[in-house]
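J.: Chains as they are written, first to last, in the numbering used here: chain A, 173 to 437; chain B, 173 to 437.
Each hint should be verified, as a subset may be incorrect.
Where chains are identical, the list cannot tell them apart; a pair therefore holds if satisfied intra-copy or between any two copies.
Calculated pairs, DSSO-like style, for lysine-lysine (alpha carbon to alpha carbon, straight line, at most 27 Å) [what the hints assert, rightly or not]:
| hint | residue 1 | residue 2 |
| --- | --- | --- |
| 1 | Lys393 | Lys379 |
| 2 | Lys201 | Lys436 |
| 3 | Lys436 | Lys404 |
| 4 | Lys393 | Lys305 |
Worth flagging that the hints you see were computed from the coordinates, not collected in a lab.
There are 2 protein chains.
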Amino acid sequence: MLIVGELINSSRKPIKAAIDAQDTEEIQKIAKDQHDHGADFIDVNAGTFVGKESEYMQWLIKTVQESVSSPCCIDSPDPKVVETALSVHQGTPMVNSISLEKARYEALLPVIAGTDIKVIALCMSDKGMPETKDDRVAIAEDLINSLVKNNVPIENIYVDPLVQPISTNDSYGMEFMDAIEAIMTGFPGVHTICGLSNISYGLPERKLINQAFVVMAIAKKLDSAIINPLDKRMMANIIAAETLAGKDEYCSNYLTAYREERLKL
Amino acid sequence: MLIVGELINSSRKPIKAAIDAQDTEEIQKIAKDQHDHGADFIDVNAGTFVGKESEYMQWLIKTVQESVSSPCCIDSPDPKVVETALSVHQGTPMVNSISLEKARYEALLPVIAGTDIKVIALCMSDKGMPETKDDRVAIAEDLINSLVKNNVPIENIYVDPLVQPISTNDSYGMEFMDAIEAIMTGFPGVHTICGLSNISYGLPERKLINQAFVVMAIAKKLDSAIINPLDKRMMANIIAAETLAGKDEYCSNYLTAYREERLKL
Chain A
173 MLIVGELINS SRKPIKAAID AQDTEEIQKI AKDQHDHGAD FIDVNAGTFV GKESEYMQWL
233 IKTVQESVSS PCCIDSPDPK VVETALSVHQ GTPMVNSISL EKARYEALLP VIAGTDIKVI
293 ALCMSDKGMP ETKDDRVAIA EDLINSLVKN NVPIENIYVD PLVQPISTND SYGMEFMDAI
353 EAIMTGFPGV HTICGLSNIS YGLPERKLIN QAFVVMAIAK KLDSAIINPL DKRMMANIIA
413 AETLAGKDEY CSNYLTAYRE ERLKL
Chain B
173 MLIVGELINS SRKPIKAAID AQDTEEIQKI AKDQHDHGAD FIDVNAGTFV GKESEYMQWL
233 IKTVQESVSS PCCIDSPDPK VVETALSVHQ GTPMVNSISL EKARYEALLP VIAGTDIKVI
293 ALCMSDKGMP ETKDDRVAIA EDLINSLVKN NVPIENIYVD PLVQPISTND SYGMEFMDAI
353 EAIMTGFPGV HTICGLSNIS YGLPERKLIN QAFVVMAIAK KLDSAIINPL DKRMMANIIA
413 AETLAGKDEY CSNYLTAYRE ERLKL
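Working from the sequences, and respecting the hints, build out all of it.
T.: This is how it looks when you write it as structure tokens:
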């Protein structure tokens with residue numbers, strides 16, 4: 173499972189404050205904590221700073237990369253912000269995200285075409301959010317085919333079918349999970365990814381829902397997630413689920429996690 | 173989710189002791205605890221008492237039924253024991269279990285044919301334990317077709333594809349889960365059930381594995397389980413997973429469980 177650590181996001185109050193104060197130590201501590209708990213990429217988002225997003229994004233990337241070896245996941249819907257972010261990033265980042273929305277797609281495609289950059293492909297089009305599995309798979313198909321045609325290797329594409337809250341429609345959980353399975357089965361080599369927390373919006377005990385959801389999605393072949401790696405039970409659930417999904421030869425990853433007390437909850 | 177409470181099993185030391193001592197109070201306490209925590213059926217097993225299994229099974233059923241309204245799940249591989257158990261059971265029980273093993277099948281079939289009894293159909297034949305999804309589905313198909321032909325309504329059949337330990341083969345989790353999905357999709361009206369704990373045999377932190385496994389199996393359409401209903405996190409996971417699987421209109425079961433503090437872990 174590829175883990176993107178979600179914590180360095182300016183929509184979270186302590187992060188907004190740390191960015192405002194240019195608090196290098198605080199940002200580096202959170203980056204290091206996430207890295208040490210298993211994050212493969214560190215998401216960086218400065219989206220709440222209108223007019224200063226590019227500047228702060230560059231600062232975040234430099235700050236994070238001074239402290240950890242994990243590359244960043246550059247999280248902005250604005251292709252211009254992504255481009256300036258890429259100019260300071262060392263190594264191969266992930267970009268969060270491209271979509272089928274025409275303006276976003278056309279502006280971001282030249283930035284990633286022919287590179288090694290990993291890209292999250294949101295199942296969103298100018299028609300809005302998809303409702304059903306079939307809507308999601310149709311958008312995914314267009315995105316994958318078009319990206320591959322433009323020299324983005326399929327192995328670098330992380331399709332996010334977009335989670336919607338189960339509290340607004342009973343079927344949103346299965347529509348999402350069935351989309352994951354259809355995309356993973358239908359496009360060999362592609363990855364799937366998602367931010368989880370939207371699924372539990374409007375319900376109590378959200379962690380319980382989020383933790384169960386990631387485990388169910390792994391049963392349906394999800395292979396990447398944008399999560400809080402400091403949530404010990406979430407990480408333990410992912411390790412157990414991957415073992416059960418047959419992705420852990422001789423249960424060796426599970427047993428290593430046990431010895432390192434990462435399963436002690 | 174139909175829940176069979178697994179605790180009253182003579183292979184567990186305190187239960188063996190309580191049966192030995194004919195300790196009515198202890199058995200009734202465990203029956204009531206399981207009922208109060210959501211068990212739809214109370215499993216009763218006296219299998220360790222060779223020569224006395226029938227007598228003790230009858231005592232267990234009478235003892236349990238004096239204290240709770242949940243019917244019993246009569247748990248014995250011996251058709252004679254099942255038959256004497258049925259003679260004292262009030263209401264409609266579940267029988268655990270029939271299989272495709274010839275002797276067992278032929279002896280138990282006349283006992284359940286044409287009745288309202290619910291029956292667990294183990295995916296086991298005289299060739300032994302199935303290894304793959306396809307082996308399981310083939311046995312399930314034979315069992316379902318034959319039972320239905322003999323006037324066992326498909327709605328009363330609970331297919332158990334048999335869990336084998338993930339520690340012995342990386343693929344055993346997915347072979348089981350894919351069998352669940354194929355059976356539920358291929359035979360509308362049938363149910364699937366399983367005892368979970370075998371999946372984690374030989375591994376540490378077995379509860380973590382068992383809890384993740386049931387959630388994954390629900391994503392693959394499992395609709396019944398033989399578990400310990402006193403395991404609060406297991407029950408909370410099941411409630412969350414069923415909500416996410418679209419089986420909880422308006423999340424009302426989840427919200428009720430929350431109000432009753434059953435999600436407080």
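J.: The structure should be examined with respect to each hint, and the outcome stated for every one.
T.: Structure-based check of all given hints:
no. : hint              : in the structure
1   : Lys393 <-> Lys379 : both (21 Å within a copy, 23 Å between copies)
2   : Lys201 <-> Lys436 : within (23 Å within a copy, 31 Å between copies)
3   : Lys436 <-> Lys404 : both (9 Å within a copy, 17 Å between copies)
4   : Lys393 <-> Lys305 : both (15 Å within a copy, 17 Å between copies)
Of the numbered hints listed earlier, not one is contradicted by the structure.
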